[in-house]
Structures are given as structure tokens and as C-alpha cells.
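Enquirer: Could you build all of it, start to finish, from the sequences and the hints given here?
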Amino acid sequence: MTVDVQYYVLLSMAVFCIGLFGVLTRRNALLFLMSVELMLNAANINLIAFAFYHGNLTGQLFALFTMALAAAEVAVGLGIILVLYRNFRDVDVTVPTTMRW
Amino acid sequence: MCVRFEPSNVTEMNDWIAIGALALVGVLIPFGMMAVSYLLRPTVPETSKRATYESGEIPTGGTRIRFNIQYYMVALLFVVFDIETVLLFPWAVAYQDALAADIPLVRALGPMLLFVAILLVGLAWAWRTGAVQWARTPRQLESDRP
Amino acid sequence: MAATATGPFGFAPAIAVFPLVAFVITLVFGRHLPKKGALPGILATAGSLVVSVVMFAAVAGGGEHHTTLYEWTSGAATSETMVEGIEFTFGILIDPLSALMLVIVSLVALLVHVFSLGYMNAEGETGLRRYYAELGLFTFSMLAFVFADNLLMAFMFFELVGLCSYLLIGFWFRTESAPSAAKKAFLVTRFGDYFFLIGVVAIAATFGTVGFAGEESFVTAAETAIDDGTTLFGFDAETWVTITGLLVLGGVLGKSAQFPFHTWLPDAMEGPTTVSALIHAATMVAAGVYLVARMFGYYALSPTALAIIAFVGGFTALFAATMAVVKDDIKQVLAYSTISQYGYMMLGLGVGGYVAGVFHLMNHAFFKALLFLGAGAVIILMHHEQDMWEMGGLKDKAPVTYYTFLAGALALAGIVPFSGFWSKDEVLFDALAVGLEQPVILAAYAMGLLAVFFTGFYTFRMVFLTFHGEPRSAAAEDPHSVGWAVKVPLLALGTLATVAGFANLAPVAELLHADITFLEFWLDGKYGAVEGLTYHAYHETVAFEEGVIGSETTTMLLSAGLSLGLALAGAFTAHTLYNVPEPSRHTTKLGGAYRVLKSNYYQDEYQVWLAEGLTLPLARAADRFDQTVIDGVVNGTSTISLFGSDRVKRIQTGIVTNYAALLVGGFIGLLLVLGYLGGWFA
Amino acid sequence: MAVLELPDWMALAPALILAGTALVLFLIDSIEPHSTNRTLLSGTAVAGSLSSLAVAVWFTVAGVGATGIENYGVIDIMNGQFVVDQLALYFMIIIAVVTALVTVASYDYLQDHTYQAEYYSLVVLAATGMSMMAASNSLVTIFIALELTSLPSYALVAILKDNRGSVEAGLKYFLIGALSSAIFVYGVSLVYGATGSLQLTRIATVLESGDGAVGEMGGLLGLGILMLIGGVAFKTASVPFHFWAPEAYEGAPAPISAFLSSASKAAGFVLAFRVFTTAFPLEATTGIIGVDWTLVFAILAIVTMTLGNFAAATQENVKRMLAYSSIGHAGYVLIGLAALSADGGDLVMGAAMMHLLVYGFMNTGAFLFVGLAEYWGVGRTFEDYNGLAERAPFACGAMAVFMFSLAGVPPFSGFWSKYLLYTELINAAADNTVLLVLAAALVINSALSLYYYSRLVKALWIEEPLLDRDRLAQPTGLYAAVIAAAVMTVVLLPAFGPVADAALEAAAAVVA
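Going down the list, the sequences are from chains A, B, C and D.
FYI, in this note's numbering the residues of the first sequence are 1 to 101.
FYI, in this note's numbering the residues of the second sequence are 1 to 146.
FYI, in this note's numbering the residues of the third sequence are 1 to 682.
FYI, in this note's numbering the residues of the fourth sequence are 1 to 512.
Treat the hints loosely; a few may be bogus.
As the list claims (entries may be wrong) - Pulled from the structure, derived: some chain C residues nowhere near chain A, Cβ distances all over 12 angstroms: (1) I308; (2) H383; (3) L449; (4) V499; (5) A503; (6) G550; (7) T576; (8) Y601; (9) D623; (10) V634; (11) K649.
Claimed, not checked - Straight-line distance between alpha carbons at most 30 angstroms, and here's what the computed DSS-like set of lysine-lysine pairs gives: (12) C:K397 / C:K487; (13) C:K649 / D:K458; (14) D:K161 / C:K397; (15) C:K183 / C:K598.
Just so you know, the hints here were simulated from the structure itself, not pulled from any lab data.
Just so you know, even glycine gets a beta-carbon here, dropped at the ideal spot from N, CA and C.
Expert: Here's what the structure looks like:
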């Protein structure tokens with residue numbers, strides 16, 4: 001028996017919201033990054049579920065691209081977090097506030 | 001007066017109301033919790049509150065030990081190059097069919113070779129600029145010194 | 001050259017371009033040129049004259065020329081008369097009127113340039129480069145104004161003429177009086193031009209065109225509108241034509257120094273006398289009257305406007321003539337005479353006497369240039385003394401000056417057969433003919449007629465005081481000599497002043513039944529003309545009835561006899577009072593009237609009061625309003641904006657988590673708005 | 001050589017040349033690591049961007065994308081994944097020009113920098129992404145191009161590794177960017193869910209035919225579209241996704257600020273123009289999601305321009321002022337999308353594209369001038385700039401041109417583009433109150449912007465310097481770039497008519 005597509009969407013929405021919650025509440029840059037990854041994966045769930053639903057492979061293929069790009073994003077992000085730590089001695093994203101207003 | 005209750009037809013109801021409501025709740029809950037705790041909690045800033053907890057012992061240092069930077073470098077390179085292989089996967093699946101469908105070899109193989117070539121340029125660059133160098137020999141250090 | 005296509009008319013732009021080139025050359029190289037730039041000016045004006053004469057001949061040969069040179073902007077607005085779009089262009093219109101005027105202007109300008117050699121160069125003035133450059137620009141502006149084919153172009157060059165006269169009147173800017181006179185001339189004429197500008201805008205907005213001639217002209221459009229009974233801006237068409245016509249007339253009154261804007265002209269005597277000659281005879285002042293003649297078809301549509309023109313003209317003629325009676329400065333007398341004579345032209349045009357008005361404009365150009373240059377010669381003779389009471393007895397010492405001056409004076413006074421007589425008589429005859437049916441015009445005519453007496457009087461008072469009797473000063477005993485550069489223009493103009501009247505011997509023609517009213521034929525398009533811009537066309541449009549006393553011949557003779565008699569009477573009075581060896585100041589006998597006249601009817605005083613007593617407090621009140629209310633609002637707005645800015649930028653807290661929260665919050669806000677509007681939650 | 005003889009994929013040449021240049025730069029750096037041969041590196045980057053520009057211009061002139069018998073028409077690549085039309089070439093030109101200016105200016109700005117080759121290759125890679133974005137015609141390619149633009153940009157902003165401002169800017173840019181791209185991808189997934197396709201024209205076909213279940217997924221589609229708008233808003237620095245911009249522009253090296261605020265913004269807008277004109281035809285989409293999506297852009301435009309200009313008004317730091325002004329200008333350009341629902345909306349969009357082109361020159365120039373000031377080390381605030389004109393009249397003259405042009409003062413081209421935008425908007429607003437409100441907001445904000453732009457000109461030209469300065473150096477590259485941008489801002493005046501026609505034509509072709 002197949003699961004209706006809306007349950008996948010519910011699942012992905014939930015994952016997305018969890019990720020969003022993490023983005024809004026986590027102050028650690030790494031956790032922030034992980035939360036964003038969670039949101040991206042929510043999109044992947046959607047894509048694959050809908051690819052199945054629509055019966056074409058476009059969504060699955062796009063999910064692969066999303067994964068690859070997410071990895072690249074993580075790489076750049078980690079690099080930035082490294083220099084952040086070097087300059088501010090912390091990975092708390094709320095610490096750097098030299099520029100505001 | 002006669003009131004007729006019609007059972008609401010679940011399938012006719014817009015499914016996405018539920019989704020929208022969930023999204024809304026999913027956002028409102030964290031915000032609500034943050035708001036409530038902001039209103040309720042007493043604010044007594046104290047440095048010891050932010051200190052590391054080490055089973056009641058007086059902490060002897062930060063929670064983090066610094067790893068060698070190269071450790072991260074290699075990890076990053078691995079993540080990037082490893083994940084690129086997912087792009088090889090659909091190609092591999094379609095390759096046999098493409099050849100069977102009389103698509104010329106250049107068109108079937110060429111793009112992937114180009115892709116790998118670009119990756120190789122990246123790898124070569126990373127190698128040459130020392131990103132994969134775990135440790136440096138004294139001679140290298142000497143030559144790097146201006 | 002563009003001459004290939006249109007024959008000699010292709011050279012038309014050169015008429016104005018020559019002086020412009022002279023202006024540039026003089027401005028750039030004047031310092032190094034011999035005669036400090038007089039030569040380019042003389043050559044250029046001579047060139048203009050030649051080309052003008054060619055144009056004149058071409059028109060005489062039945063040609064006319066109307067072309068657009070350059071379109072500098074166009075708009076898509078729809079006018080009140082439903083004309084789509086409007087074009088603003090520079091174009092050339094050469095018809096009998098402008099061809100005649102071009103010849104007059106370039107001729108007078110040439111003579112003034114030549115005379116300047118004697119008047120300015122020989123007297124060792126400094127700043128001659130500036131003088132000749134400005135003279136060139138002045139000539140250029142006037143010539144371009146004359147052949148302008150549309151109202152806006154005319155307005156632009158009209159303003160340029162005003163600017164140049166400002167520069168030239170203030171030529172001796174180191175003195176105290178010249179700059180103030182220049183300012184006065186500029187401001188008073190500008191006040192009139194302000195109405196002119198509004199008039200141009202009104203005409204453009206009403207008819208969607210500013211062209212003078214052809215099917216596309218605003219004159220034709222106005223005629224159609226009146227015929228169709230169109231309502232324009234809430235007025236019926238004729239009223240609106242009157243209003244716009246009067247607005248344009250504001251500029252005319254200012255430039256042509258008509259009451260009440262005449263006050264600047266006597267002061268303008270502060271400029272070099274040559275400049276005065278140019279201003280009075282051919283350029284600045286003539287521009288006003290010329291404009292009325294140029295768009296006469298428009299005024300002809302409105303009897304009200306015409307009557308106002310006529311009445312103002314008649315009144316100014318008398319008003320200025322009375323003031324001229326008591327002046328002691330030779331140039332002042334001439335200045336008031338100019339005002340008076342332009343009054344005649346306005347009177348002539350105002351009664352529908354298009355030919356008479358233009359005729360007088362032409363004659364006046366010659367004899368007034370002559371008189372001014374003559375006065376300039378006298379001033380040279382007198383070592384720069386201008387008070388007539390210091391002169392006397394110059395008759396024998398400077399015969400050329402005397403006789404040419406006398407010719408001019410006779411023409412000015414209107415003594416037969418000098419040119420002024422014929423034209424003034426024609427103006428007065430036309431006024432009388434209309435006046436017999438229209439009481440207002442009759443009053444204007446009466447004033448004009450009365451002014452003839454005063455004209456004769458002050459003209460000959462001037463002549464007698466200057467040239468006759470015994471010398472009353474050392475300078476008059478031993479006058480300076482004058483050179484050929486002074487004499488040649490005087491002789492040329494003297495001849496013209498004497499014979500120019502033969503261009504239109506209307507009374508003679510009437511008596512002999514001979515076809516010798518050449519100017520009328522000329523302006524009537526007998527030789528060549530743009531359709532609609534002819535005397536006949538105008539005459540049919542003008543709604544005035546004409547009456548006669550007895551027959552037309554009787555009326556004409558009566559009118560001519562009256563004016564000649566009055567002129568002679570004036571001259572004779574002057575003769576008895578002043579043509580004595582030791583004339584005395586009879587004017588003082590006038591008592592209170594003398595003071596009033598001497599003070600120019602307190603015109604300056606009331607205008608100064610208008611400026612200082614009325615306008616200044618108003619301006620102060622407006623300034624206070626601006627300072628407090630307007631600035632308050634402006635400052636308030638800026639304070640609120642800056643305060644708002646200070647608040648707005650606080651959103652940017654610098655903490656990235658807050659950004660994420662605000663971002664998501666903003667996104668959800670958008671989602672709610674969109675969802676609400678799209679009914680997603682229903 | 002005729003364009004006709006080339007294979008179709010060569011139509012992407014402007015983007016491919018940039019990609020090749022980036023690879024060449026990597027190769028150079030691999031052959032000689034940590035090379036400091038600035039002339040070679042910068043020269044390669046400049047040559048690459050200029051050849052990209054030349055090819056794009058050549059294609060435009062040759063008639064690629066234009067309809068008509070002698071032209072080549074729109075070129076479709078990889079089954080509609082990419083499309084090269086007038087719109088794409090127009091934006092490729094903008095991007096290549098800005099890249100060239102930025103790389104020329106970087107020659108001096110990066111004088112003592114360690115990571116020369118990395119810097120240039122990242123710039124060129126980001127430019128590749130932008131150029132590809134102009135031609136992308138599928139949500140897949142769009143997302144890849146978007147990330148190809150974003151990822152190097154994050155690194156570029158943070159490239160001054162020891163400068164806290166730069167690192168902080170990079171972090172904020174990255175975090176907001178990651179969040180936005182997550183939202184964008186989720187939007188893509190929802191749109192895919194509703195329509196079953198990622199290729200823009202096919203999405204439009206599905207929406208118009210109402211095939212499958214798309215009619216029942218209105219809410220899903222609507223949320224997806226809104227999320228796509230979020231992604232666009234991030235790239236164009238529009239409210240509420242603008243929070244990264246003031247910090248990123250302030251903290252980044254000045255040439256990078258110029259690059260991001262001009263080229264990256266242009267890329268964001270071409271993405272918006274492409275997606276929303278191609279994939280979501282107004283009537284069909286409105287029928288499904290129940291609301292007109294141009295409304296969102298109208299709201300965003302008003303809020304963005306108001307917030308940008310208001311926040312800019314009281315800034316003390318010049319670079320930050322320019323950052324906020326750049327947000328304000330994004331608001332102006334958003335009008336081009338907001339007006340699409342009205343008759344003549346294509347003309348408004350064309351006018352907005354024209355404004356982007358002009359903006360590309362004047363804004364790049366302004367940021368490069370700030371780069372020049374940083375090179376001189378005169379400080380960052382308005383007071384620090386006081387009286388600079390005494391020492392550097394040419395550069396300050398150019399800056400005055402940029403400021404007045406940005407403010408929209410006649411006769412500079414910034415005025416004409418804004419005026420064109422305004423008149424087209426008024427024409428389109430015949431019976432549309434929303435657009436009238438937009439026009440009013442445009443006018444009010446322009447007036448306010450004059451205040452802070454002229455404040456800078458006043459500081460440069462009128463105020464007395466706070467302290468005596470020595471002679472200022474005249475770095476060739478920076479000077480050349482600033483002056484070139486100023487010259488282009490002025491030269492666009494006579495060329496304004498034809499270029500604006502090209503923009504209007506390109507817009508009309510896409511909207512039709």
C-alpha cells in the first residue's frame with residue numbers, strides 16, 4: 001500500500017519547521033548550519049515524494065543536485081565559521097555585532 | 001427550527017488548510033515559548049551560569065580543544081568531492097540505455113568526462129595550494145618563509 | 001547652401017547670422033582688430049543690408065518665404081481647440097512687412113555702426129570691443145526677431161533684444177546713472193514681458209500652435225474659433241482672443257514705451273547716443289509696434305483690443321509730447337518725442353490703419369535715427385554737453401549737421417512734404433474716419449491731433465535753442481569738428497527723412513486719382529505676400545465702421561489741413577518764443593504745470609511707490625509666511641524623516657538571529673496577507 | 001563569421017567564457033601557488049570578462065534572440081533548460097561590464113593581499129553563475145546558478161580573513177543566504193509538487209491547461225510561489241530578506257560590495273523577470289491561487305524603497321549609506337514586476353531593466369570610489385571624506401556624477417531611467433490605484449534620497465577637511481575603473497534612446 005502524498009508533505013513541513021525553529025533559536029553557528037541542512041532535506045523529501053506522485057524523475061534528480069549543493073554550502077559555511085572563530089574566539093552567531101544600525 | 005448537520009466531507013476540504021495550520025502552529029509554538037519564558041524568567045546575569053559544567057568540579061578550561069586546521073581542510077575536501085559522486089549516479093544509470101539508444105559516445109560520455117575534468121582541476125588546485133598537506137617538512141617551511 | 005531650392009530666400013538666415021558672426025569675432029578677437037571691432041560690425045550689417053535688399057527685391061518680384069529651420073522640441077499635449085501636439089520651432093517668415101523691416105533695421109544698424117566710428121572711436125572711448133560686440137548681438141537679435149515665423153521664437157529674440165539694450169544702456173557702467181537706467185529699462189520692460197510670456201503660453205495652450213502665418217497659424221485658428229463660436233477656457237472665443245491679445249500687448253507696451261511703461265525710455269539716454277539712435281529708431285522700441293503689426297490679424301479679430309491699443313496710443317502721444325516741451329536736455333526731448341511717435345503708430349494700428357502704422361514706423365525709423373545721430377553730432381560739437389541752454393548758434397558752424405537735423409525735425413513735426421507729415425497724416429486720417437463712428441476712437445484721435453501741436457512746438461524749440469541765436473557757452477563758441485563717419489550717415493538719413501514719405505502719398509493719390517500709394521500696394525501683397533497677411537485681409541477682419549465728413553476727399557483734406565495747421569502753429573509758437581538771439585526760459589511761466597511736466601507727471605514717483613510702498617510690504621509678508629509656515633512645514637517634514645530614519649535603521653540590530661526572526665516574521669506576514677486575499681484559509 | 005554557423009550551445013558563450021576564465025585562473029594558481037603576479041591574474045580576469053562582454057554584445061547586434069527573418073530568434077538549449085534571448089543577453093552585458101570594472105579596480109585594492117588567484121577566480125565564478133542565471137529557463141538550472149553565484153560571494157565577502165568586519169559580514173551574509181536558499185528550494189519543491197515540472201515554460205503550460213491535480217493545490221502553489229519570491233528577494237536585497245545587505249556591503253572589500261550590489265542584484269532581477277513572466281502567467285495563476293502575485297511585489301517594492309531610503313538618510317558611514325541606497329534602488333526596480341498586471345506592464349519592466357543598467361554603472365562606480373578612499377586610508381565616515389575634492393578632483397567629480405545620477409538629478413542618466421520608469425508607470429497606472437501609490441512612493445523616496453546623496457557631494461566638495469592631507473596616490477586600476485564608470489554614466493545620455501529601446505523590446509518579448 002502506498003502512502004498518500006500529503007503525508008509526505010506533512011512530514012517535510014514538519015522537518016522544515018523544525019529546521020526553522022533551530023535557525024531561530026540556536027546561537028551556535030554549527031547548529032544554525034545543521035538546521036538549515038534540515039530545511040534543505042525537507043525540500044528533498046518533498047521533491048522525491050512528488051517525483052513519485054507525478055511519475056517523473058525530475059524531482060529526484062533535482063534532489064541530487066540539492067544534496068551536492070548543500071554539501072558545497074556546508075563547506076563554504078564551515079570555512080566562514082573557522083575564520084569567525086579565529087577572529088571572535090567564539091562560534092556564537094550573536095557575538096559579532098560590530099556593524100549595526 | 002430544523003438544523004441540518006452535514007458531515008463535513010474531509011476529502012473535499014482543502015487539505016492544505018491543515019498544512020498551513022501546521023506551519024502556523026509550528027512557528028507560533030517556538031515564538032510563544034520564547035515569549036512566555038522571556039516574560040516569566042527572572043534575569044540575573046551571572047558569569048558562572050555560562051561556565052562549563054564539569055560534574056561540579058571547577059572547570060579547568062574551555063570545552064573545545066583546537067584541532068589542527070588541516071583536519072578540517074581534509075574533512076571539507078572529503079565532503080565536497082564525496083558528494084559530487086551523487087551526480088555520477090544518475091549518469092551511470094542512464095549510460096547503458098543511452099548507448100543502446102544509439103546516442104553517440106561523445107554525447108553520452110563527454111559531459112561526464114568534462115565534469116570530472118573540472119573536478120580534477122579543483123583537486124589539483126587544492127593539492128598544489130597545500131590544502132591536503134597534513135604536515136610540513138622543515139624544508140617546505142623554509143621555502144614558504146619569505 | 002540651401003539657396004538652390006528656394007532661390008534667394010535660401011540666404012535669409014544669413015541676415016541674422018552676419019551680425020552674430022560679427023558679435024563672436026568682435027568678442028574673441030576685438031582687442032586685436034583695428035578700430036576695436038567696428039569693421040566686422042560694419043561689414044556684417046552691410047552684408048545684412050545687402051541680403052535684406054535682395055529679399056526685398058525678391059518679395060517685390062512676387063516671392064515670399066516661410067520655412068522651418070529647426071524644431072527644437074515638440075509635445076503631444078492636446079490644446080483647447082483640440083489640436084493634437086505642438087511643435088516649437090525656429091523658422092523664417094519673409095513677407096512684405098518683414099522684408100521692409102529687415103531693410104530698415106539693417107540700414108539703420110549699418111549707419112549707426114558707421115556713425116560709431118566717429119562718435120565712439122574718435123572720442124577715444126574705452127571698452128569698444130564690448131560695445132561693438134553688444135551692438136552686433138543687438139542687431140542679430142532684432143533681425144532674428146523680425147523674421148521670426150512664430151510667437152515663441154519672437155518672444156525669445158524679443159527678450160534677447162531687451163537684454164542687449166540693458167547691456168548697452170549700461171555701457172558706461174562705472175557711472176552712477178547708467179547702471180540704474182539700464183536696470184530700470186530691464187525691469188520695466190521685463191514687467192511687460194511677463195504678461196507677454198503668459199500670453200504666449202495662453203495662445204499655445206489654446207490653439208496648439210504659435211505660428212504667425214499659414215493655415216497652421218494661431219491667427220487662423222482664432223478666426224475659426226470665433227466663427228465656430230467655440231468656448232475657450234470658459235470664455236467665448238472673441239473674449240479669449242482679447243484677453244490673450246492684451247497679455248501679449250503687455251510686452252508691446254513695455255518695449256515700445258507706451259503709457260504706463262514709458263518711464264524707462266527717457267532714462268535710457270544714459271547709454272551712448274548711437275545706442276539711443278538704434279534703440280529708438282529700429283530695434284528695441286520698434287520691436288513692440290512691429291509685433292503688433294506682425295500679429296495684426298490676431299488683434300484685428302478683437303475690436304476691444306484694437307480700441308485699447310488706439311486709445312493707449314493716442315493718450316501716450318499727447319502725454320509724452322507735453323512732457324517733451326519742458327525738457328532741457330536735447331536727448332530727453334528726443335526721448336519723449338519717441339514715446340509720442342510710437343503712440344501715433346499704436347493709434348494707427350489700433351484703428352485698423354495697418355498701412356498707416358507701418359508707414360509711420362518706417363518714416364520714424366529714418367527721421368528718429370537721423371535726429372539722434374544729429375544730436376550725437378551736436379554732442380560731439382559741444383564737447384559732450386547735452387543741455388540745450390548751453391548751446392545756440394551752431395547753425396553756421398556745422399551746416400551739415402544743421403540741415404540734416406532740420407530735415408529730421410521737419411519730418412518729426414509733420415511739416416509737408418517731409419516724410420513724417422505723410423505718415424502722421426495718414427494715421428490721423430484713419431483715426432478720424434473710425435472716430436466718426438466710435439466715440440472712444442474719436443477721443444484718441446483728438447489727443448493725437450492735439451499732440452501734433454506740441455510736437456511742432458517742442459521740435460522747433462529744440463532746433464532753435466540748439467542751432468539758432470547766439471552761442472551761450474564757450475563750447476558753443478568753439479565747437480569740435482566732426483568727421484566723415486558722422487556726416488555720411490546724417491546725409492543718408494537726411495535724404496531718406498525727406499523723401500521716404502513719397503512711398504505712400506495717400507492724399508495726393510486721392511486728389512489726383514493716381515496709383516502712387518506704393519506702400520499700401522506693397523503691404524497689400526500686390527507684389528508678393530503670404531496669404532492672409534495682407535492689408536486687405538486685415539481690413540476685412542477689422543470690425544470698425546468708417547465715417548466721413550462730406551466725402552472721403554473732404555475728410556482727408558480736412559484731416560491733413562488740421563494736422564499741418566497745428567504743426568505749423570506749434571512751430572510758429574516756438575519760433576516766436578525761442579528763435580531770438582537770447583531766448584529765455586519761458587517754461588517757468590507755466591508755474592505749477594511746469595513742475596508737473598518737469599516731474600514727468602510724477603510717473604516715476606508713483607511707480608517707485610508701487611514698488612516700495614506696496615510691493616515691498618507684500619513681499620515681506622510673503623517672505624514671513626515662507627519663513628514661518630512653509631519652512632516650518634518643510635523643516636518639520638525633514639525632522640520627521642530623519643527621526644523616522646533613526647528609528648528605521650534600528651531594525652538592523654547587528655544580531656543575525658534577530659535578522660532570521662524578522663525575515664521569517666516578514667515572510668509569514670506576506671503569507672498571511674496573500675492567504676487572506678487569496679482565500680486560502682477559507 | 002556568422003552566428004548561424006555555431007552550434008546552439010555556443011549561444012551560452014558569454015557564461016562559458018567566464019567559466020573557462022575561472023578554470024584558467026585555477027590552473028595558473030596550481031602551476032604557481034600563491035602567485036602574486038597581480039598583472040597576470042587581474043589581466044586574465046579582465047580579459048575574460050571583456051571577451052564575455054564582447055561576445056554578448058556581438059550576439060545582441062547579430063540578432064540572437066530577436067525575432068524577424070534576418071535574426072536568429074530565441075535559442076533553446078538542453079530541452080529548454082537554458083534559453084538565450086534578448087533578456088538574457090541584456091543582463092549578460094550588465095554582468096560582464098560590472099565584472100570587468102570590478103576586476104580592474106581590484107588590481108590596486110588587493111595590492112598586499114595573500115589570496116590573489118583565489119579572489120579573482122571566485123569573482124569570475126560568481127559572474128559565471130550570474131551570467132548563467134540570465135539564461136536559465138528551469139528551476140533546476142536557476143537553483144544551480146543561484147548557488148554558483150552565492151557560494152563564491154560568501155567567500156569573497158569574508159576574504160579579508162583578519163578583518164573582523166569582513167568576517168562578520170561574511171557570516172551574516174552566509175547565514176541569511178543559507179536560510180533564504182533553503183526557503184527557495186522548499187518553494188521549488190512545492191511548485192514542482194503542484195505542477196509536476198521544473199521547466200518554466202512547462203510549468204506555464206500546466207498552469208494554463210489546468211492538467212492533473214494542479215487546480216486543487218492552489219495553497220501549495222501559492223506558498224511555493226511566495227517562497228520563490230523569498231529567494232528572489234534575498235538575491236536582490238529586498239525587504240524582508242535584505243538584512244544581510246547593509247552588513248555585507250559595509251564589511252566586504254569595496255570592489256566586492258560593488259560587485260554584489262550591482263551584478264548580483266541584476267542577476268536576482270533577471271531571475272525574477274524570467275521566472276515570473278515565463279512560469280506563472282498571471283491569469284492562469286491567479287485563477288489557481290486566488291490572488292494576483294504582482295501584489296506581493298507591489299508591497300515589497302514600497303516597503304523596500306521606503307526602508308532603504310529612510311535608513312540611508314542618517315547614516316554616518318559612507319559605505320553603509322550606499323548599502324541602504326542600494327536597497328532603495330532594488331525597491332525601484334521591483335516596480336517593474338509589480339506593474340506586470342497592468343496594461344503596458346512590459347514597458348514598465350523594460351524601464352526597470354534600463355534603470356538596472358544605468359544603476360550598474362553608477363552604483364559600481366560609487367562603491368569603487370569608496371574602495372579608492374579605503375585605498376587612501378582616509379576613513380569611512382562622511383566627515384572623513386570632507387574636502388577630498390581638493391586632493392583628488394577627478395575622482396571626486398566622478399563621485400559627484402554617481403551621486404547625482406543615483407539621486408536622479410537631471411541631466412544624468414539616472415534621472416532619465418528613473419523618469420522613464422516613472423512615466424511608464426503612470427501610463428500603466430491608468431486604472432490601478434496600487435500603481436499610483438507606487439508612483440507616489442517612487443517620487444517621495446527619490447526626493448528623500450537627494451538629501452543623503454547631496455550630503456556626500458557636499459562633504460567632498462564644500463566642507464573643509466578635518467586635517468591636512470598629504471598628496472593622495474593615484475592607483476591606476478581603481479582610477480581607471482571609477483573614471484570609466486563615470487564616463488559610461490555620462491555617455492549613456494546620448495545613447496539612452498537606443499539602449500532603452502533595446503530594454504523595452506527585450507521586456508516586451510519576454511512578457512508577450
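Enquirer: Take the hints in turn and mark each one as holding or not.
Expert: Structure-based check of each hint:
{"no.": "1", "hint": "I308", "verdict": "68 angstroms, holds"}
{"no.": "2", "hint": "H383", "verdict": "79 angstroms, holds"}
{"no.": "3", "hint": "L449", "verdict": "85 angstroms, holds"}
{"no.": "4", "hint": "V499", "verdict": "88 angstroms, holds"}
{"no.": "5", "hint": "A503", "verdict": "84 angstroms, holds"}
{"no.": "6", "hint": "G550", "verdict": "98 angstroms, holds"}
{"no.": "7", "hint": "T576", "verdict": "95 angstroms, holds"}
{"no.": "8", "hint": "Y601", "verdict": "71 angstroms, holds"}
{"no.": "9", "hint": "D623", "verdict": "40 angstroms, holds"}
{"no.": "10", "hint": "V634", "verdict": "26 angstroms, holds"}
{"no.": "11", "hint": "K649", "verdict": "5 angstroms, violated"}
{"no.": "12", "hint": "C:K397 / C:K487", "verdict": "14 angstroms, holds"}
{"no.": "13", "hint": "C:K649 / D:K458", "verdict": "23 angstroms, holds"}
{"no.": "14", "hint": "D:K161 / C:K397", "verdict": "101 angstroms, violated"}
{"no.": "15", "hint": "C:K183 / C:K598", "verdict": "22 angstroms, holds"}
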